[in-house]
Amino acid sequence: MDKNTPAVSLQNISKSFGGVPANEHVSLDIYRGEILALLGENGSGKTTLMNMLSGIYFPDEGQILIDGEPVVISSPKDAFRYGIGMIHQHFKLVDVLTAAENIVLGLKEKGRLNMEQVAGRVKEICEQYGFEVDPNQKIYDMSVSQKQTVEIVKVLYRGADILILDEPTAVLTPQETEKLFAVLRNMRSSGKAIVIITHKMHEVEALSDRVAVLNRGRFVGDVMTRDTNAQEMTNMMVGHPVTLNIQRPEPKDPKPRIEVEGLTVRSEDGVLKLEDVSFTARSGEILGIAGISGCGQKELLEAIAGLQKVEKGSIRFVEDDGSRDELIGKDPMEITSMGVALSFVPEDRLGMGLVGDMDLTDNMMLRSFREGHSVFTDRNGPRKLAAQVVKELGVITPGLTTPVRRLSGGNVQKILVGREIASAPTVLLTAYAVRGLDINSSYTIYELINKQKQAGVAVVYVGEDLDVLLQLCDRIVVLCGGKVSGILDGKTATKNQIGLMMTTVGGTREHE
Amino acid sequence: MSKQNNAPLIQISKRRELPWYGPIAIRAAAIVLALAACAVVTTAFTGENPLEIYHTMWTGAFGTPRKTWILFQNIAILLCVSLAVTPAFIMRFWNIGAEGQMLIGGLATAACMILLGDKLPNPVLIGIMLLAALAAGGLWGAIPAVCKARWNTNETLFTLMMNYVATQLVAFFVIVWEVPKGAGKIGIINQTTEAGWLPQIGSYKYLLNILIVAVLTAAMYVYLTRSKQGYEIAVVGQSQRTARYVGIKVGRVIVRTMILSGALCGLAGFLLVAGTDHTITTTIAGGRGFTAVMVSWLANFNPINMILTSFLLVFLERGAGEIATNFGLNHSFGDIITGIILFFIIGSEFFIRYQLRLRKNAGKEA
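Here the protein sequences line up with chains A and B, keeping their order. For the first sequence, the numbering used here begins at 1 and goes up steadily by one. For the second sequence, the numbering used here begins at 1001 and goes up steadily by one.
By construction, these hints were calculated from the structure, which means they are not laboratory data. Be aware that one or more of the hints could be misleading.
Computed beta-carbon distance windows for the label pairs [said to hold, decoys possible]:
1) A:76 to B:1350: 18 to 26 angstroms
2) B:1150 to A:405: 28 to 36 angstroms
3) A:25 to B:1047: 56 to 64 angstroms
4) A:371 to B:1147: 27 to 35 angstroms
5) B:1147 to A:405: 27 to 35 angstroms
Just so you know, even glycine gets a beta-carbon here, dropped at the ideal spot from N, CA and C.
Using the sequences and the hints, build the whole thing.
Laid out in structure tokens, this is it:
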């Protein structure tokens, strides 16, 4: 194949949803033997653009060329025919089937299905690129990273040689990320074209050959990765210079605020989610919680917030005068009426923290609607609060009566965080506060959290980006399979150390 | 080389917000198209003049003052049931047991009329009848709600089954209280004394019912959009996890709302038995408990819109009946017309939310 003919050439592509443009006249070339990083803020149209390539959306305008030939891709089937495979953020696998069964699902091959042959072919692909997949393992027995591997093998099995990965590292540990990158590099050397959508600058620098940047649906430009740096890429993405430093002010007069002791939690179906967890969160300090997703972070925060049944242990709120109140066995209402100002930014923003179909005002009212003795709601206060949050946090919204579902992820999060901070909390719990947010919004959130810390709030920050945890948090509790693997000082801990502690209790290298 | 153009011929995409007159125009167009389609069907199958058919529908609904009053009485009862099921629907609690809740409310009313008929002064009797109807309907709503809140039972099946229980109870008591013995029906209760009959306003038999439901409509609108309880219902309906997160006791809201829903269905039964029919039969609810589901959905759960949607459905029903008698056609023909019109109206909702675009570059490559 001529190296100069792009594998895919997008020419002048436009797409809008309900009159809102998602992509405007984007032209982009993708080459074989190259890893292209597609960068852009939330809502800048990266995923939409790639969805048009994989046949999920159809462009309003423009032309797609594959190997120089104009083509029409109107369904995922068409995309497969042209060798385009996309690995989505949310996996599309059937839990009760095995890896091999998922891989052949939906394929129409002639003759009888020979699962042994399929397994053999899967093994072949794995060996070629360095994957580790057991074709006969059921999906529900797999970790997130294994599921992702199955997704990748699935598109390779179908003969894809143009791969698109949408934020593939969001759910992986640093070690798993390294493995994925090694595989992607192998694929590059075998001549595949790879596009990776990501927010993480250091990954772009570590992996990609070329970077293409989108801003508000428009193509800003592309540069070779070796000729640029994180600061420059961020500026391109945001459209103006931004500073990329996370502050870590010294904790001011830290005093114990929440004491967790011997906490044991089981999920409804009896699975042990937390086992004998103990730590103390202090006022004026950010306590980070690190761990592979799903190893007890959610249960931990929900237990503190009064939303999770606890089997054993205690969670005590410590007043300034040293008196202690037990929080276990109380629901959120009772905790509030005890005078504990506890704010909680949950992981599931639209499913728990906010109501997607309600407007900004009604969402602000969620915390305060009970105030007063009237049987009627008072929307004046919440409306003022909504206007204030919009103004102070720079929320981009058509108005206060827009359902929050219509807003982009970053703006949704600003509204949630804004509401939770507005009640002047003494304890602030946040779960994945910046998940899916672009750099600009992320830094706004870090700043807000730091302000709370300086105001003497005890902040518990559950995060997934270890670089951020290390820069932001004063102390870091590392969870591993529901147990505390260790508590580290944020200033001295290293990424590798945390990564190991996340996978093995205590962080020793026993089973590698 | 001829390349086959397999770009989709029609693309469906979400509309941007329409101006206020947009949805009205689309719905009006739907009605015009529906009438045109009905005209074709009518001429093809019956050979009648479609305009005459439409005229007959109109006179069926508004032809005489009596017909007009009956129309409004039917709207009032249907609207009452629709208002009753709406809070449950907003809560995503699929109460399809309105029929049974109405029946049981009507049965409680009739029981009071028969058993306490001449023992109490009329205003006291009516008060007791009303309370009994509300309590019975509320109970019928509360039972599936408690089971839902406690054990997460399926409310659709549960409320549906409760309908049969209510029907059988009514059938049983009709035999217990039948007049005369062996007639298999109760007949007009307290025909001579009129004990427990709702008072008439002037000479208008149905006016009181209509006024009561009008007040109820306004009250329900305020309850749903302005009250704290209405807000709680909306939050629980959108996301039970969010509700728990802000400390709303979900089970309590479910039970409270279903008691309200059931009690208002009971009120509809009370209005039917005490206000107009003065008897009870197993078919007194007449399927309104199910039609109400459509009224409520079509109105987007907005009580004010429900006035229009209940009017539409009752109008079509009355008109269809008139066509059947006047033209000597099978009653099913009226139902066909109703079906066509509803199809167009419900279908038009799609065009309010989405737009279709034909392929632009068709033939461009040729």
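Each hint, compared with the structure:
1. Separated by about 24 angstroms at the C-beta atoms, residue 76 of chain A and residue 1350 of chain B satisfy the suggested range of 18 to 26 angstroms.
2. Taking the beta carbon of each, residue 1150 of chain B and residue 405 of chain A are about 31 angstroms apart, inside 28 to 36 angstroms as hinted.
3. In this structure the supplied range 56 to 64 angstroms holds for residue 25 of chain A paired with residue 1047 of chain B, their Cβ-Cβ distance being about 59 angstroms.
4. Taking 27 to 35 angstroms as the suggested C-beta distance range, the pair residue 371 of chain A and residue 1147 of chain B conforms, at roughly 33 angstroms.
5. The hint said 27 to 35 angstroms for the Cβ distance between residue 1147 of chain B and residue 405 of chain A, and at roughly 32 angstroms that hint holds.
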